[in-house]
Amino acid sequence: MKPKNTYQKGTLKRLFRTLFSFYPVALPAVIVCIIFSSAVSAIPAVFTQKIIAVLEQNAGAGWGVIGPQIIRLTMMLAVLYVISLILSFAYTRAMAILSQGALKRLREQLFGHMQDLPVKYFDTHERGDIMSHYTNDVDTLRQLISQSMPQLLASGIMVLTLFSIMLYYSVWMALVVLFGVSFLLLAVKKIGGNSAKYFMRQQKSIGKTEGYIEEMMAGQKVIKVFCHEKEAKTGFDAVNDELFHDSEQANTFANILPPVIMNIGNLIYVLVAMAGGAFLLTQANNLSISGLAFSISIVVPFLNMTRQFSGNINQVSQQLNAVIMGLAGASRMFALLDEQKEADEGTVTLVNVTEQNGELTESSERTGIWAWKQPLPDGSVRYTRLSGDVRLHDVDFAYDADKPVLHDVTLFAEPGQKVAFVGATGAGKTTITNLLNRFYDIADGKIRYDGININRIRKSDLRRAIGMVLQDTNLFTGSVLENIRYGRLDATDEECIAAAKLAGADDFITRLPEGYDTPLTSNGGNLSQGQRQLIAIARAAVADPPVMILDEATSSIDTRTEAIVQRGMDALMKGRTVFVIAHRLSTVQNSDVIMVLENGRIIERGSHAHLIVEGGKYYQLYTGAFELE
Amino acid sequence: MWRTLIKSIREYKKPTILAPVFVALEVIIECTIPFITALLVNQIKAGCTYDVVLRYGLILIVLASMSLTLGWLSGRAAATAASGFARNLRKDLFYNIQSFSFENIDRFSSSSLVTRLTTDVTNVQNAFMMLIRIAVRSPLMLVFAIIMSFLMGGKLALIFVVVIPMLGIGLFFIIRAAFPIFRRVFRKYDALNRSIQENVQGIRVVKSFVREDYEKQKFGVAAEELRQEFTKAEKILAFNGPMMQFCLYINMVFILTFGAYTIATTGGLNFNVGQLSSLMIYSFQTLMSLMMLSMVFVMVTIADESSRRIVEVLSEDSSLQSPENAVQDVPDGSVDFDHVSFRYSEKAERMALLDVDLHIRSGETIGILGTTGSSKTSLVQLIPRLYDATSGTVRVGGRDVKEYDLTALRNQVSVVLQNNLLFSGTIAENLRWGNPQATDEELKQACEFAQADDFICSFPQGYETRIEQGGTNVSGGQKQRLSIARALLKKPRILILDDSTSAVDTHTDAKIRAALKSYLPETTKIIIAQRVASVMDADRIVMLDKGGISSVGTHEELLKTDAAYREVYESQSKAGEQE
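Residue numbers (my numbering), protein chains in the order written: chain A, 115 to 743; chain B, 140 to 718.
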C-alpha cells in the first residue's frame, strides 16, 4: 500500500498534544513570545498616525515646536522595536532548539515503537514505505513545526492586531477593508485549493515516475540484451509527460498565488484610498473605538495597514501546501505509532544457576548453566534446567485467518537432535521456525520448550534460548568484531574470535585489510555472500543457545565456498537441538529425523534410511524424479 | 556545465524568455504603484475634489490589474519553462542511459542513476524556476525601489546606503557559517537513515538476538548527534529574521524622524506625508528583495551539485556503437575467440580474460565451468558485444563482432543473464520482450521447451498472470525458466545460459537441456554452470581458471585429464541435489 497523501481528522490536535507533552513549559513560552512579537510589529501604524497627526496639527509651526513631540514618539517606537527584536530573536532561536528537539524525540518514538512491533508488521509493509516515515514524513514535519506553524501564528496575530487597530480608528474604513479581504480570501481558496490538488497529483506522478525509473535502471542490462531500448523509452515518455503536466499545473498555481494576492491587495489599497478620500471630502461621521474624527492622519496609516494585511495573508497562503503535506506526514507517523506492539505476557524467565546435588540455585553471576525460572501460583518458584527440548502438538497456523498454512503439525526434538524440514516453497518450512521463537503466534495447538508452554515464557528469554542463521544475511554497520559480538554483547574479544574460528570465518577475516576491525558498510557489501554468511554463523556461535534454527542458502555461492560454509554450519550444530531448513539433501541425510512438508502438513517423517525404504516423496526427491519449487 | 544543461530547454525557450520579461514589466509597474499612491495621498490631503480621487483610483486599478496579469503570466510561463526543462532533462538522461553500453552502466550504480533522474532533476528544476523569476525580480526590485526612493525621498534615501550593505553582509556571513554545517547535517542524516534501513531489513536478526533495546540506544545516540548539528545550523539561520527586522526598524525610525523633520522644516514643500508613507513601502521592498536574493543564492548552490551529477550522465558517451555500413545478417552460429584479452576498465589492475583462444562450431553445445571469479561471465558477454575485447578479436559467424549492427547481432545472440529480471506486467508481456510479434502458440512452445508451461498453466490466469516489480511473486526457479523462455523466443543462432538454472532442480534442468538439444539442433548453445551435471553431456566442456582456459574436452576426457574437474565432479556426485 502506497503512503496516503491525505490526513486523518484530529491529527493537528494530536500533533499539538504531542509537542506540548515534549515541552510543557518552553513551548507555551515560545508561543507567548511569538504572539507578543507579532502584536508589537503591528503597532508602528499607531505611531505613524500620531506623528502625522502632530505634523498636521502643527503645520507651519517649525521644528522647535514639533521636534520634541516627534522625538518622543520615535523614541517610544524605537523602544517598542527593541522589545520586538528581543522577542523575535528569542523565539526564532528557541524555535530552532525546540523543533529539532521535538523532531529528535519523534524520531526516537518512531524508532522505539517500530522496534517493538511484531515481525508481522515488517512482513506486511514494504520497506520503502517504512523508510519513508523517517525520510519524507519527518521532513515534512520539520517544515511544519519549524516554519509553517510559527509563521501561521505570527501572521494570524498580526492580522488580528491590525484589524483591532483599524477598528480603533474607524469602523467604516475597517469594513471597507473587510469587504476587500473577503475577495482576497476567495481567491486564496480557489487558487490555493487548485495548487494543493495539483501538488498532491504531482507527488503521485513523482512516485510513479520513480517506480518506473527504478525498475528500468535495475533491469538496464536485460534491456540491452533484448534490444528493448525503444519500448523502454516509450514507456518512460508516458510517465514523464504525465509528471510534466502535473508539475506544470502545480507550479503555475503556486506561482500565481502571490501576485494575485498582492495585486488584489493593491486593489483593496485603492479601494481604501478612495473610500478614505470620500469620507474626508464628505466629512462623514466617523465611528470608531478611539472616537477620532476622520483626518489624513487616519487615512495614511490605514493604507499602510491594508498593505500589511494582504502581505500577511500572502504569507499564510504560502504555507498552505506545507501544512497539508505536514499533516499528511504526521498522520502517517501516528498510524505507525498506533500499530499494536508485540504483546508479551510471559512470566517464565531465563536465569543463571549453580547446581549442587541436583539442586538448582539462582545466581547473579554468569555460571554457564541456565535454567527457566517459573513462578508458581502458590508463590514459590520452580527452576527447570535449560536443555533444548522442543515439542509441537497439533499446531495450526495461518497468516491470514482464511488461508491456513499449517495443519496439525506435531513433532518433537530432544536435546541434541537434528530435525530437518524438506518441502517446496510455501509448504510451511519457514513458518514453523517463525512459530518457535514466536515471531508469529499459533492459532491452535501447543508448543513447549523444556516442557514449558512457550506462551508463558518471556519473549526476550525465549529468543535468547533459540539462535537463528537466516538465508538472507543481515549485518550491521560497524566492525567485523562488533558484528560477531552482536550475538552476545558481553562477549570478550577472545570469545568472539573463538566463535569465528569455530565458524571457519577466522581465516578470511584475518586476511581483511584491518582484520577483525575492518568496518562493514551497507550490509557487508564489501564482503562476498559466503563471507557474510560465515560472520552470521560466528554471530550465532557467540550467542551459544541450546536450540538453533538454520535456514541454509547456498544457491548463489560457488561450490568451494559452499563447502566452507557447510563446515561452519556443521560445527555450529554440534551439541545443539537443531532445526534445519534444508536446500541440499546432503545435509539432510544425517539428520535424526526428516520432515517432508506439503501444503502445511507433514506428509512423511523419519530418518533418511527409513524414508528411502518407504519409497515416498522423499525417495522421489532424492532420486531426482520429482522437482520442488 | 551549464551549457550542457541549457541544451535541454529546447521547445521551452519561449516561456524561458517570456517569464523574465513579464517579471521585469511586473516589477516596473509594482514600483510605480506606491509612487502614484503618494500623489493620491497628497491630493486627498490637499482636499482635492472627488473626481481627482476617482481619476487616481482608476489609474491605480489599471496598474494593479496589469501587475496582476503580468504576475499571472510570468508565473505560468516560469512554471511551464521549469517543468518543461525538467521533463526534457529527464528525457535526455533516460534516453542517453538507454544508449549506454554495459561498461557505461557499470560505472554508475542503478540507485545513483535513479537519484540523478529524480531528486537531482527536481533540485535543478526548482533552481531554474528561481533563476528565471526571483533572480530577475529581486535585483530589479532592489534597483527600482532604490531609484524611486531617491526620486521621492531625496537625501532621506541615503539611509539605504547604510542599511543595505549591513543586511547584505549579515546574510553573507549567515550563509557562509550555516552552509558547511548543513552539509554535515545531510551526511549525518543519510547515515541515520542507512542505519534505520539496516534495522528494517534485519528485523528478524534484531528480534532473535533480543537487541531491540540495544538498537534503540544506538539510534538514540545517532539521533542526538543529528539534533545537535541540526540545531547548530538552525540557530545560525535564526539570525535571519531578526536581522531583517532590525534593518527594517532602523529604516522606519530614521524615515519617520527625519521625514517629520524635513516636512516640518520645509513646510511640506519638498517632502510630504504621502511620500513618507511610500518611502516606508519602498524600504520594505528593498530589504525583502535582498532577502530573496540570498535564498536564490542558496538554492543555486544546492542545485550546483545536482547539475554536476546530471551533466556527468548527459556527457557520458556510449562506449559501444554500431559501425557505419554495419552488417545486418549473422550467417551462422559459430563463435571464435582469437587470442582475446579483456579488462573491465583501463584502471582495472587485473585482466579479466587473458589470451583466450577458443573456437566453437555452429550448433555445438559448450559447457563452461570454473570457480567464482574465473571470468566465465566475462567470456560470454563478449559474444553479443556487451563489452569490447581489449585485445584480440571475437568473431561470430566468421565476422568480427564489431562489424555487425548491434541490434542485429544481439537479436541473434541471446543471453540469459545471471541476474535475470522480469518486469512488471503479465507473463505474456514479459515473454514478448524476446519477440514482440510472437503468437500465443509460439509463447507456449518456448515455455514448453523451458519447462515453464506447466507452472504457468497452474496459475488461475495462466499467461495473463501479472508479475510484480522485480518478479517477487514467482519463485527463483520459475523466474529462471521464464527468462530462458523469453530468450528462446528470439529464435537466436546462439543461446547463452549464464548460470540460468541454478535454482531449478536437476531433473528439470536435464529436461530443459534435452529440449534445447532436440528442438534447437542448429542453435549454438553455451551453458555456464556451477553443477557438473548441467554440462556433462555437452559436446565440449571448457574449464576456466583466473581468466584463462585451463582445459577443454568432453566429460570423459576431462575426468581423465583435469584434476580440478574431477574434484568438482566427485564432490557433487556424492549427494543428489535439489532446488
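To be clear, the hints were calculated from the coordinates, so they are not data collected in a lab. No residue lacks a Cβ here, since even glycine has one placed at the ideal position from N, Cα and C. Careful, some of the hints might be misleading.
Below, a list of computed lysine to any residue pairs in the SDA-like style, where the Cα atoms sit at most 25 Å apart [to be verified]:
| hint | chain 1 | residue 1 | chain 2 | residue 2 |
| --- | --- | --- | --- | --- |
| 1 | A | Lys-455 | A | Asp-237 |
| 2 | A | Lys-731 | A | Ser-721 |
| 3 | A | Lys-344 | B | Asn-558 |
| 4 | A | Lys-347 | B | Glu-451 |
Restraint-style ranges between C-beta atoms, simulated for each label pair [what the hints assert, rightly or not]:
| hint | chain 1 | residue 1 | chain 2 | residue 2 | range |
| --- | --- | --- | --- | --- | --- |
| 5 | B | Tyr-234 | A | Ser-593 | 37 to 47 Å |
| 6 | B | Glu-444 | A | Asp-253 | 10 to 20 Å |
| 7 | B | Glu-363 | A | Asp-253 | 13 to 23 Å |
| 8 | B | Thr-208 | A | Arg-241 | 44 to 54 Å |
| 9 | B | Glu-364 | A | Gly-472 | 48 to 58 Å |
| 10 | B | Ala-654 | A | Arg-241 | 37 to 47 Å |
Results of checking the hints against the structure:
About 15 Å separates the Cα atoms of Lys-455 (chain A) and Asp-237 (chain A), which keeps this hinted pair within 25 Å; it holds. Taken as a hint, the Lys-731 (chain A) and Ser-721 (chain A) pair is honoured in the structure, with Cα atoms around 14 Å apart against an allowance of 25 Å. Restraint check: the Cα-Cα separation between Lys-344 (chain A) and Asn-558 (chain B) comes to about 22 Å, which is no more than 25 Å; the hinted pair holds. Proximity of Lys-347 (chain A) to Glu-451 (chain B) is assessed by CA-CA distance (about 20 Å); at most 25 Å being required, the pair is judged to hold.
The hinted window of 37 to 47 Å between Tyr-234 (chain B) and Ser-593 (chain A) holds, with their beta carbons roughly 44 Å apart. Taken as a hint, the range 10 to 20 Å holds for the pair Glu-444 (chain B) and Asp-253 (chain A), whose Cβ atoms sit roughly 18 Å apart. A beta carbon spacing of about 19 Å between Glu-363 (chain B) and Asp-253 (chain A) agrees with the range 13 to 23 Å that was offered as a hint. A beta carbon spacing of about 49 Å between Thr-208 (chain B) and Arg-241 (chain A) agrees with the range 44 to 54 Å that was offered as a hint.
Checking the proposed 48 to 58 Å range against Glu-364 (chain B) and Gly-472 (chain A) shows it holds: the Cβ atoms sit about 53 Å from each other. Checked against the given bound of 37 to 47 Å, the beta carbons of Ala-654 (chain B) and Arg-241 (chain A), roughly 38 Å apart, stay inside it.
Of the numbered hints given earlier, the model fails none.
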